[in-house]
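**Q** With the hints as constraints, model all of the structure from the sequences given.
Chains as they are written, first to last, in the working numbering: chain A, 1 to 184; chain B, 1001 to 1112.
No lab work stands behind these hints: they were computed from the structure.
It cannot be assumed that every hint is accurate.
Said to hold, decoys possible - With a straight-line Cα cutoff of 25 angstroms, these simulated BS3-like cross-link-like pairs (lysine-lysine) come out:
{"hint": "1", "chain 1": "B", "residue 1": "1095", "chain 2": "A", "residue 2": "24"}
{"hint": "2", "chain 1": "B", "residue 1": "1074", "chain 2": "B", "residue 2": "1091"}
{"hint": "3", "chain 1": "A", "residue 1": "126", "chain 2": "B", "residue 2": "1089"}
{"hint": "4", "chain 1": "A", "residue 1": "24", "chain 2": "B", "residue 2": "1089"}
{"hint": "5", "chain 1": "A", "residue 1": "93", "chain 2": "A", "residue 2": "24"}
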Amino acid sequence: MNLFGLFLALLSAFSFGLGNVYWKVTMSDDLFPRVVFFRGLLALILMILIATILKNVYPQNELTYISQLTGKEFASYILLFLSCSLGIVFYLKSLEFEQVMVSIPLSTINIFSILTSVIILGETFKPSYYLLFTLSGTGVYLILSNQGVSKKYGTKVLFTHCLPLSFGGVHIHCSNILLPKWGH
Amino acid sequence: MGALTMAIMVEACVCTTAFCWYCATANWRNLFSGIKQKQLKHYAVLAIVVIVGTMGYNMAIQRIDMIVLNITGKLTFLTSISLGILLLKEKIDTKKAVGMLFILASLILANS
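**A** Dropping the structure here:
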């Protein structure tokens, strides 16, 4: 067992966990979702700019994977940006309605990712997924059933949680197209 | 370092710097004019946390087995909930706790 590797994995888990909670601190107003979206948009524009310059001015570069992007990969990159940015934007919106301890479990269930993998990527639907869906559904029911809130509020909570999940599914699909060429 | 890690780091560093500079030097445009110095600090902290998390994960991939690495997702889940209770003083009850355990079990099943 590589102890340094284990330390890095733990550090990564702690950092992402802290990040998930820290979003709530920044949610005193409605600005951060916009910031996140425009940050992604800026990155996308930079990427397009770099790809265009490398392709036309300096085709024999070390970052050839950028200048050799195909149309499908390029479209996947744009979808990746949209799904990634909008996934976070709607996760942040969901924090307006609920605690982190409710938002996190609801945002991590795998239903949309599995459905995307099966429908879009054509992966096999394993029988164990039925049990997985049952566990996830029961978990969601138990977490939301005790809220004592109106139907309208409950719908809002579910809606804001379903959106990041569905964008997360598209995100995984696009990453799978790009990763083999780009590397992790 | 793979291209995707590099892309995430470049995005986080360049865009955060550009965005902070942009907000700090211009009253632009009402869209972001409400952002104050304190909020920029929060944003910088978040960018650092994301960079450390991404770098840690990508460096860990090269050093440990995927089976061990898969635990990271569950640890993130548990860390988020624990920090929510500790830092944000969120309240937890039995039904919520059991619901979380069901979802955690579904996450473990997905990686098995």
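**Q** Now look at each hint and say whether the structure bears it out.
**A** We went through each hint and held it up to the structure:
1. B/1095 / A/24: Holds, at roughly 23 angstroms.
2. B/1074 / B/1091: Given pair residue 1074 of chain B, residue 1091 of chain B holds - Cα atoms ~21 angstroms apart, limit 25 angstroms.
3. A/126 / B/1089: Distance ~40 angstroms between residue 126 of chain A and residue 1089 of chain B Cα, so the pair is violated.
4. A/24 / B/1089: It holds: about 12 angstroms lies between the C-alpha atoms, which stays within 25 angstroms.
5. A/93 / A/24: Given that 25 angstroms is the threshold and the Cα spacing comes to 10 angstroms, the pair holds.
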